[in-house]
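Got chain G sorted already, so can you dock chains Y, Z and A onto it with the hints?
Protein chains in written order, with my numbering: chain G, 1 to 670; chain Y, 1 to 322; chain Z, 1 to 171; chain A, 1 to 398.
You may find that some hints are simply not true.
Cross-link-like lysine-lysine pairs, in silico, BS3-like; alpha carbons within 27 Å at most [what the hints assert, rightly or not]: (1) Y/Lys319 - Z/Lys136; (2) Z/Lys41 - G/Lys535; (3) Z/Lys154 - Y/Lys114; (4) Y/Lys319 - Z/Lys138; (5) Z/Lys154 - Y/Lys49; (6) G/Lys642 - Y/Lys270; (7) Y/Lys319 - Y/Lys287; (8) A/Lys349 - A/Lys375; (9) Y/Lys109 - Z/Lys154; (10) A/Lys381 - A/Lys302; (11) G/Lys616 - Y/Lys172; (12) G/Lys556 - G/Lys444; (13) G/Lys234 - G/Lys262; (14) Z/Lys100 - Y/Lys297; (15) Y/Lys4 - Y/Lys189; (16) Y/Lys136 - Y/Lys114; (17) A/Lys131 - A/Lys273.
A few chain G residues facing chain Y, derived, Cβ under 10 Å [to be verified]: (18) Thr194; (19) Ala198; (20) Cys595; (21) Cys598; (22) Lys618; (23) Ala619; (24) Cys636; (25) Pro637; (26) Gly639; (27) Ser640; (28) Asp648.
It is worth saying that the hints were derived from the structure and are not from the lab. From the three backbone atoms N, C-alpha and C, an ideal C-beta is built for every residue, glycine too.
Spelled out, the chains give:
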Amino acid sequence: MSKTNGKIRIGFYICHCGTNIAGTVDVQKVVDYAATLPNVVVSKHYKYMCSDPGQEMIQKDIKEQELNRVVVAACSPFLHERTFRNATSQAGLNQFYFQMVNTREQNAWVHLDPEASTEKAMDLVRSAIKRVVFHKPLEQKTVPIKPDVLVVGGGIAGIHASLTLANAGKKVYLVERDPTIGGHMAMFDKTFPTLDCAACILTPKMSAVKNHPNITMWTYSEVESVEGYVGNFKVKVKRKPRYIIDDLCVGCLDCIEACVYKEPRFYDEFNQGLSKRKPVYMPFPQATPQLVVIDPDTCIWFKTGKCKQTCVESCERKAVDLNQQPAYKEIEVGTIIVATGFKPFDAGKVYYYGYGTYPNVYTALEVERLINASGPTSGEVIMRDGSTPKSIAIVHCVGSRDKNTNLWCSRVCCLYSLKLAHLLKEHTHADIYNFYIDIRTPGKLMDEFYTRMAEEGVKFIRGRVADIYPDTSDEEHRRLVVKAEDTLIREIIKVPVDMVVLSTGLVPRDDANDVRRLFNITCSTEGFFIERHPKLAPVNTFTDGIFLAGCCQGPKDIPDTVAQAGAAAAEALALIDLGYIELEPNTAFIVEEECSGCKSCVPLCPYSAISYNEEKRKANINEALCKGCGTCVASCPSGSIKQNLFEDEEIYSEIDGILNYEIYEEAVCC
Amino acid sequence: MPDKPKLAFYWCAACGGCEESVVDLAEDILFVVDNVDIIFWPVGMDFKKSDVEKYADGEIVVSLINGAIRSSEQQEMVQLLRRKSKVVIAYGACAQYGGIPGLANEFEKEEILKWVYEDSPSTYNEEKVRPLIKYKANGSDVFLPELWNVVRPLNKVIDVDYYLPGCPPSSKLLKEAVLVLLSGKLPPKGTVLAPDIALCDECPRKDTKPTDLAFTEFLRPNLHNIDPEKCILSQGFVCMGPATRSGCGALCVGGNMPCTGCYGPTSRVKDQGAKILSSICSNVEAKTEKEIDVVLKGIPDPVGTFYRYSLAGSILRKKVSI
Amino acid sequence: MLLDKLTEQTGSKQWQPKIVAFFCNWCTYTAADLAGVSRIKHAPNIRVIRVMCSGRVDPQFILDAFSKGADGVLIGGCHPGDCHYQEGNYKCLRRFQMLKRVISSLGIESERLRLEWISASEGDKVRVVVNDMVAKIKQLGPLGLPVKYKEWAKEMHVLDSEIAGKEEVYA
Amino acid sequence: MIVELDAIRGVSLDTIYDSPEGKLIQTCIQCGTCSGTCPYGEYMEYPPRRIIKLLQHGLVDKVFDTDSMLKCVNCYACMMKCPREIHLTEVLLQLVKEQTVIKLPVVPPELQKALENNYRYGNPMGESGRKRANWVQTSSVPIRILSQNPEPVDVLWFVESYPAFHPRGQDTCRAIAKILNALGVDFAILGNEEKSAGECGLLSWESGLAEALVDYNMAIFSKYKFNRIITSDPHALDAFNFRYRMYGFKGSITHIVPFIIENIDKLKPMLHKTLGYSVTYHDSCCLGRHNGYYDEPRALLKAIPGIKLIEMVHNRINTLCCGGGGGGMWLDTYFKSQNMERLSDRRIKEAIDTGADVLAVACPYEIPRFEDALKVAGYDKKMVVRDIMELVSEAMED
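One chain only, chain G, in its complex shape (with noise of 0.2 Å):
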């Protein structure tokens, strides 16, 4: 015979979690106290209740003790509740006839009160065991997904993430921005500590990603839209107009030299404004595609419409169309993955530093293009004022680290200046001087790298640049002065230097936020995308089938950008792979019988879920739409809409048992 009889066993379990909980809750008096509530037939603690040993006491219990209920107070339910679920429903007991209780997160880690700590969990241990009675069994949702793929972004972290996924036989749509993929690594010179040259190793991936027969690579778009939801997003992409026929445009470049400007005049943004280039432009030798551009921003034909179009003309083609008009793609797509990239701290924030008031104060990345074969001067470092520094101080930590810019550490800035200053001696032979706060040098042949600069000489000042001025004791040199205490040998020092490089920090980027509303995830007040679980889910993001790769996460140097890239590529495969991925059941649903045709519900739901059934003359919520918000059931005027895990009993009793309300209700009978 069952021992139920028709009626709730609830099992009451809490988790020392180490000293985590137990270290400020007194788990045995909460444990002696749910033993006490009704319904409670097991009340017992443990020292890790998600460990093996703790799930299957929960099972056994469930068996022996024919538990209908299982409550248990851990940590948030974020990182445990499917664990427990499972344990639940392997013992035969419906997954959602449990409950969990936050006595991790928001209860032991964020109280000092043992006392108030231990008050507050057994309130919340009492709403529960009173709300999981109201608990029915429920099935998960599953939603089939697409197989196909959108990366979005173009570095580094973009191209590895499609080539994987491409490589396992997925189609991939990749949406860049810029006229080229290649991103940030394709301006660098070098990659630190190995040395190696950054675009003998980038283009090469680019190149694959142009001819792979699985990516369909759409360069100069943006996203413009995302609807739907993990397994199926309607993605509409702009692909903006180049004024060039992809198909008809070769990359000879006779349309550029035949402008009608001569000479280049405009700001080059791949060599950082240190060359110029026209209004018809091939970004960089080794852009992909190898496509080129029309910028009618500068282009004299869309700023006056008066020209005599000679680059129409030059091409034999007629790749060029001047009238060409935005297009827009439209996709279906079962996963995404965001890799947009990051944006160098703009120098000039740090007024004191003179970045665009002396002309040889330059950015890391400005010096990067500086010191390339490929760049400007191939390679040779002639500053603004046309000579070559004989001494170059490169401050660290600009923009980071610092609470009137950011307060974060850049990660890459100590060993991309420890590069700049091997690269720049190498090319120049100039005496170097770092001044750092702290130089930080974690990672495979990181430190080492740190010791082979010193031993190459490359000076090393303790101290963060306080001014930077003209030296005018040196009246025709016009050098700079560089001002810093050594805090080591603790003196004032002012050191003149010809060349002043700012290692500038990584920010994210302008329009983060607009991205992330795109793609409905979240992201820290700075900008920089949070990812689901620090630990354990560093690529996912609070959307299901949305994940995070490369600095649009967090600074990072490539090869974690590129792990990053490859694990968002697994679990957008492991999603494609099983085919489907299972929801939690909280949809809504209304009891037609009660429902009374008032419509009110129908414009509340941004998905459409809601429906007016002429013929019945009543609602319905197509649960393949509904997402679970509740904001229908909450505004429900005749209480006839409902929600499966949060229906309004369940949430009344919450409340009951948060207030201990049982002992008012004498007093409020009449």
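Okay, now just chains Y, Z and A, sitting in the frame of chain G:
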């Protein structure tokens, strides 16, 4: 005719409309009179309290009590009727939720007395005389009922078996209720003897209501004309219909006025006012605090609008005094 | 006796406000978790009920919590424009603006009901908001509606005994 | 970067770690920006970074035996550049300064005198308080003095000691009176009732004196009805905005430059004279670095017809101090005795390098300091020092 079931009517804090509704039965009242023995009906016939006291406990089969409870006398009378009756029905909105008298719960008793006996424009009372609960007249003590601080629905004072909603209940519902009671097939205790679905269900303008409701302003029926063909809510007038039980046949809408909610909420709702607030506000179009406030200003008295009949029976019951 | 016990619980020097919070799953609940992971200490007076979206917060829940003894109710949702469900937070805001008017005309200080936009990254804002709310409610003192209801009911009980006396007079 | 005044009220070196400021100090990364940017950093045995480290190790007493903090001129450079936003100038250095002056075997006589004068006469130069409003008689426009006519007034102009007594300061005062009058501002001054607000840095040497002056001036303010206070002295602005607020001052205080900028549309049509000067503007530490008024003075100068503005190498947040703050005004002799370069000398070199005709300022200390420095450099015939208000007034002439 000792065998006919005994029936009592009583009124508490009410306007008298519920009593009228009994008369509204018209010729059907004869049917009622034929089948029951009305043993107490202060409005209609001359009975005394002592007449009721004479009956044995439970001897009265049904008491239909209308009006809210706000004085010592009303409490005393309904407690007496409860003792003497098998079944007590809260009759009408006031007995069920406090009704219009329940809106007095927005004020303190002293505020009310001061207004009525001193400050209202039509009052002339220089000595500020107030009624006494007990005074001597011709040598003997005379008692007046004491006004309570709180207006209560009937079920906060005595145990109530059934509810007949409405201000007043429609005669159709009353007749159906009487028939059910006479048949002896009693519904579960606590039942509201009206359909458990909102008014829109039977509203003649239901089909004119759009599915893309979005409020940009709220209008008041005393200041703006109502289109007699279209859903009143969709024109921007607060209509309580979506949050109110049906059963009246959408009488007010038939008279081109919005529903004010007298039938109370459905059984699934604890607080009618909160629910209609939730629904109507959710459908406001504005998105910023400022813009939202501008639109919501069109409802100058939210408590009086959303809780017109249900304040005393709502979750919060009454203004909290310090 | 019971009343004394209740008063003791809600009115004594040891009185600690109890705040019922409704946090949306995606932003504010996550932020509260982040506060935990970052060990950002804050007042222990808050009891969180997780809902998927601030749009799920039925005004009835708020009133219910007050009537059952909450001294304050805090709703936490995603910032405007950031709702995981696009617009649930706007719906919450609209109801909130009206509900504030309702409760304050019924004598409940509007500071007892608070709506805050706290994004998943704003762990520290959880601390700031909770501490601030607790401090403000401590200043206001207990709301203690259940105790008040009990006090209101007294007028009826007091008269129960008087009725007995009066009946004699009537007789 | 605003210090929570409530949080530091009553904080001492012993209790600083219990204050929110103490938490900030614990986050110091010893980067040395403070010492590196300090104009006298190279002359200090314990520049700010080392003071912080000593404090962290409980050894801060060592600093009191040196004259390091005597050399702090309250220029706010360390504080504004600190990557941890430690309020060095506002909090820690003030506390160390007070201890330093207690421990000093001999207080430099000039400083001693200035402190005494402030105490006895209500101004640092030792002038009779009864002559404070004498300059009013030389004004071309009528100026209301509240003690004579205590009717409520819109704007109370807090004149301060240097403008009231120094001949060049009085030039500025007359210019301000003329401008306010032309703009139709309802204004008045306290006249002889006014006492020095207590220059913010000077106050830090002597908290007793600070309290006396704060109490005095706040009592005077409470006698009259006015809507806001303006002043031409950024040091007074700082004193009111920071020191006075700690003692409960709640009034609105604005410097004359942003005040005029509020009325710039009304002023512009009155500026009909083309001046034709090339001008370089010196950002005062208190007005610029500490209160963030970088654009307003420049906007005002640009509104004057014919003025060409040239920037010095150090400007805005990176400005070089004139050396007059933090008591520096009365320590020139002491600094000279220590073979320290006078900061005003250092500053005018940059001004001369610009080739400008006029060095424009917005602080009453700077006129005498820079005029003197130009004289020493033998450059006083080529460049003149003018308060912005003087230039505006000049442009208003027919």
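Results for each hint:
no., hint, verdict
1, Y/Lys319 - Z/Lys136, "holds (21 Å)"
2, Z/Lys41 - G/Lys535, "holds (22 Å)"
3, Z/Lys154 - Y/Lys114, "holds (23 Å)"
4, Y/Lys319 - Z/Lys138, "holds (21 Å)"
5, Z/Lys154 - Y/Lys49, "holds (25 Å)"
6, G/Lys642 - Y/Lys270, "holds (15 Å)"
7, Y/Lys319 - Y/Lys287, "violated (30 Å)"
8, A/Lys349 - A/Lys375, "holds (12 Å)"
9, Y/Lys109 - Z/Lys154, "holds (15 Å)"
10, A/Lys381 - A/Lys302, "holds (24 Å)"
11, G/Lys616 - Y/Lys172, "holds (26 Å)"
12, G/Lys556 - G/Lys444, "holds (14 Å)"
13, G/Lys234 - G/Lys262, "violated (45 Å)"
14, Z/Lys100 - Y/Lys297, "holds (13 Å)"
15, Y/Lys4 - Y/Lys189, "holds (23 Å)"
16, Y/Lys136 - Y/Lys114, "holds (24 Å)"
17, A/Lys131 - A/Lys273, "violated (34 Å)"
18, Thr194, "violated (53 Å)"
19, Ala198, "violated (46 Å)"
20, Cys595, "holds (8 Å)"
21, Cys598, "holds (4 Å)"
22, Lys618, "holds (9 Å)"
23, Ala619, "holds (9 Å)"
24, Cys636, "holds (7 Å)"
25, Pro637, "holds (4 Å)"
26, Gly639, "holds (3 Å)"
27, Ser640, "holds (7 Å)"
28, Asp648, "holds (8 Å)"
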